[in-house]
Amino acid sequence: MALNTGRILRVDLSNGKVRTETVPEKIATDFVGGRGYGVRYLYDEVKPGIDPLGEENKLLMLNGPLAGTTAQAVSRWMTCTLSPLTGTFTRSVCGADFGAWLKFCGYEMIILEGKAEKPSYLHLTPEGCKLLDASEIWGEDTKITQEWLVRQHGKNTRAACIGPAGEKLVKYAAVVSDRRTAGRGGTGAVMGSKNLKAVAITASRKLFLADPATYEELAKEQVKTILANSAFQSHKEWGTTTTQDITNAIGIYPVRNFRYGQLVDYKPVLGAEYRKMRVGDIGCYSCAARCGKVHTVPSGVYAGAHSEGPEYESIWAFTGSIESNNIQASIAADQLCDDLGLDTISTGNTIGFAYELYEKGLLGKSDTGGLELIYGNPAPMVALIRKIGYREGIGDLLALGTKRLAEKIGRGTDIYAIHVKGMELPAYEPRGAKSQGYNYATASVGASHCYGYAAQDIFGAPFPHPTDRFDEGNADIVIFNQDQTAWHECGVACAFSGGWGWMPLFGKLVTAARGINAYSDAELDTVGARLFNLERAFNVREGLGRKDDFLPPRIRTEPLHTRQAKGEGQTVSHNDEFLDKYYALRGWTKQGTPTAKKLKELGLDFTVKNMAARGK
Amino acid sequence: MSVAIHIPPSLQALAGDAGEIAVAGDTVGACLRELVRLYPQLRGKLFTAKGQLLKGINIFVNRVNIFPDVLITPVSDGDIVHVAYTVLGG
Numbered sequence: 186m187a188l189n190t191g192r193i194l195r196v197d198l199s200n201g202k203v204r205t206e207t208v209p210e211k212i213a214t215d216f217v218g219g220r221g222y223g224v225r226y227l228y229d230e231v232k233p234g235i236d237p238l239g240e241e242n243k244l245l246m247l248n249g250p251l252a253g254t255t256a257q258a259v260s261r262w263m264t265c266t267l268s269p270l271t272g273t274f275t276r277s278v279c280g281a282d283f284g285a286w287l288k289f290c291g292y293e294m295i296i297l298e299g300k301a302e303k304p305s306y307l308h309l310t311p312e313g314c315k316l317l318d319a320s321e322i323w324g325e326d327t328k329i330t331q332e333w334l335v336r337q338h339g340k341n342t343r344a345a346c347i348g349p350a351g352e353k354l355v356k357y358a359a360v361v362s363d364r365r366t367a368g369r370g371g372t373g374a375v376m377g378s379k380n381l382k383a384v385a386i387t388a389s390r391k392l393f394l395a396d397p398a399t400y401e402e403l404a405k406e407q408v409k410t411i412l413a414n415s416a417f418q419s420h421k422e423w424g425t426t427t428t429q430d431i432t433n434a435i436g437i438y439p440v441r442n443f444r445y446g447q448l449v450d451y452k453p454v455l456g457a458e459y460r461k462m463r464v465g466d467i468g469c470y471s472c473a474a475r476c477g478k479v480h481t482v483p484s485g486v487y488a489g490a491h492s493e494g495p496e497y498e499s500i501w502a503f504t505g506s507i508e509s510n511n512i513q514a515s516i517a518a519d520q521l522c523d524d525l526g527l528d529t530i531s532t533g534n535t536i537g538f539a540y541e542l543y544e545k546g547l548l549g550k551s552d553t554g555g556l557e558l559i560y561g562n563p564a565p566m567v568a569l570i571r572k573i574g575y576r577e578g579i580g581d582l583l584a585l586g587t588k589r590l591a592e593k594i595g596r597g598t599d600i601y602a603i604h605v606k607g608m609e610l611p612a613y614e615p616r617g618a619k620s621q622g623y624n625y626a627t628a629s630v631g632a633s634h635c636y637g638y639a640a641q642d643i644f645g646a647p648f649p650h651p652t653d654r655f656d657e658g659n660a661d662i663v664i665f666n667q668d669q670t671a672w673h674e675c676g677v678a679c680a681f682s683g684g685w686g687w688m689p690l691f692g693k694l695v696t697a698a699r700g701i702n703a704y705s706d707a708e709l710d711t712v713g714a715r716l717f718n719l720e721r722a723f724n725v726r727e728g729l730g731r732k733d734d735f736l737p738p739r740i741r742t743e744p745l746h747t748r749q750a751k752g753e754g755q756t757v758s759h760n761d762e763f764l765d766k767y768y769a770l771r772g773w774t775k776q777g778t779p780t781a782k783k784l785k786e787l788g789l790d791f792t793v794k795n796m797a798a799r800g801k
Numbered sequence: 150m151s152v153a154i155h156i157p158p159s160l161q162a163l164a165g166d167a168g169e170i171a172v173a174g175d176t177v178g179a180c181l182r183e184l185v186r187l188y189p190q191l192r193g194k195l196f197t198a199k200g201q202l203l204k205g206i207n208i209f210v211n212r213v214n215i216f217p218d219v220l221i222t223p224v225s226d227g228d229i230v231h232v233a234y235t236v237l238g239g
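Protein chains in written order, with my numbering: chain W, 186 to 801; chain D, 150 to 239.
Derived from the structure by calculation, the hints contain no laboratory data.
Incorrect hints may have been included.
[Said to hold, decoys possible] Derived DSS-like pairs (lysine-lysine); straight-line CA-CA distance at most 25 Å: (1) W/K328 to W/K315; (2) D/K194 to W/K461; (3) W/K452 to D/K194; (4) D/K199 to W/K405; (5) D/K194 to W/K751; (6) W/K340 to D/K204; (7) W/K300 to D/K204.
[Unchecked claim] Just a few of them, taken from the derived set where beta-carbon distance is under 8 Å, the chain D residues facing chain W: (8) R186; (9) G193; (10) K194; (11) A198; (12) G205; (13) N207; (14) F209; (15) F216; (16) P217; (17) T222; (18) H231; (19) V232; (20) V236.
Backbone N, C-alpha and C fix where the C-beta goes; we use that ideal spot for every residue, glycine too.
Same shape as in the complex, but just chain W:
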């Protein structure tokens, strides 16, 4: 069997020089691909203490070992970098075709270094790579940018690009490809800081597999398993447009900046209402789910608004956060964020925060340019999104995110800022789903719902054991979810596909792709723990520790109001005790630093000196 560990394209944007490298076999064995490669290379190449928006930071774009093949739901891709929003390791996952196109050129990773002299874009083909002038598209939104790139380079071109938000270094700017987004963590701002507007790839399908015949047989089995699976069929029908039906019902739909867990009247935001405006379905490369539900608003104030989405988080971001049940406005808001290149979760959460500051008189009309930020009214929200994307007026402040905005305003506003490590909380109220909440607190990237999604709390999943969603003691569940997610993301497998019955084939598929027989279930579990610990070592080296693993004050001290649902009066009140248990299970010190013993056990000996040097 041949060896196929993956190739890297390294680009120095400062001088346009490119070179190709091959991933060493040991890294391929220990880190598999995707997020594993991302953290491994970032740990080695990004020095601690640098400015995330400075030239020394690096932006990685990665697919996985199975990308571009007929196997379903494994062609997603991600950005990895030092986040300007959180100051931590970050990764942000995206869909559409870009991951496959990168593989068609023979690459699993692009490492972007330095800074281009002027606005530029990278054009990659199987024959080579050029840094080209982006002056014609600098300032344009992501839709116009991608259309321009296709006109320039042909219909077999796919791109990942930034909009005005990334160019203007909004802390939560996203990278957009087609209409999908690498949303969280501000990786779009890192791209903007490098004067890089887009990476465009022109290619035709070509596979890079160590054992193509075996792979093909396994892929057929995977496809058959998935297509017959009930969970897949449900996802195909609805995407995530019905999750708010459940989260409102159980009182974990955050409303009014995380003061309530349910909209007063949530019938207008149910999935069936969005269905009335659905005009189509789109999806990622080689995935029959086509879970992207496309909506067009037929009439009214937002007539003509057209978006691939909103999906659940964005539905929440533009309804619950401002206590609105106007779903037409949510479609318009979603479209605007995609065009401007903004993370919808941080955008919605930050706007919800601004609405509370206005309610309390801490922001006034003179600050907002005359906008009256009154809960229930979505019109100012839509106006604010545009201001954020262009950093105009109050948008310049909101572009900082809740943590820095609260620091700037002062006057005790930090208690209304709902973030962990600077990343704004997503659409599940932690006081009604506490394992989900503690995932937010301990995830490497800040409050990310999908870093260790607590399906046990939210949907009743009973493995590895069932939970009581109000119980704060399930550190084992949080770790299980985080480590499972970590190794899934080495394949950059779609998170939803984990429930489609095919994961027992994952290791065999990677073996056939790589030519390395090292991906049994037990080995993959270790990979998950290895990744998570290396991310923690990266963050400790950046100065993070126990103090950064706490949920926001509101969540820990104010009782939740659930209106008609269970959970009235809940708080998260044992964060300290949880961390003691979590750290002990992880094999970390009481300050949240991985011990030398744990690091060596996971083959991370090269980090031990750095942890000792931090004196922790």
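Fit chain D to the known structure of chain W by using the hints.
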């Protein structure tokens, strides 16, 4: 014979706010039909009009996902059945 059915959080309000209901039945299908006989509001949340399990509902017996032969899977006294939704959020 007694089988415990665990109800997911979002359906508990339709089951008298219970998280767990004891029923009798020799298959998963029989147990679920007994459940909806006791709590008729659950019928439309679990079954289609033709009596098939709705897409997106996962059933576990003793923590093992029993897809695809869900309704005909036999159960024994003391078994635990979990009703869970597939992960929907993102």
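Here is how each hint holds up against the structure:
no.: 1; hint: W/K328 to W/K315; verdict: holds (22 Å)
no.: 2; hint: D/K194 to W/K461; verdict: holds (21 Å)
no.: 3; hint: W/K452 to D/K194; verdict: holds (16 Å)
no.: 4; hint: D/K199 to W/K405; verdict: violated (31 Å)
no.: 5; hint: D/K194 to W/K751; verdict: holds (19 Å)
no.: 6; hint: W/K340 to D/K204; verdict: violated (37 Å)
no.: 7; hint: W/K300 to D/K204; verdict: violated (49 Å)
no.: 8; hint: R186; verdict: violated (21 Å)
no.: 9; hint: G193; verdict: violated (13 Å)
no.: 10; hint: K194; verdict: violated (10 Å)
no.: 11; hint: A198; verdict: violated (16 Å)
no.: 12; hint: G205; verdict: holds (3 Å)
no.: 13; hint: N207; verdict: holds (6 Å)
no.: 14; hint: F209; verdict: holds (5 Å)
no.: 15; hint: F216; verdict: holds (6 Å)
no.: 16; hint: P217; verdict: holds (7 Å)
no.: 17; hint: T222; verdict: violated (14 Å)
no.: 18; hint: H231; verdict: holds (4 Å)
no.: 19; hint: V232; verdict: holds (7 Å)
no.: 20; hint: V236; verdict: holds (5 Å)
Checked against the numbered hints above, the structure violates hints 4, 6, 7, 8, 9, 10, 11, 17; every other hint is satisfied.
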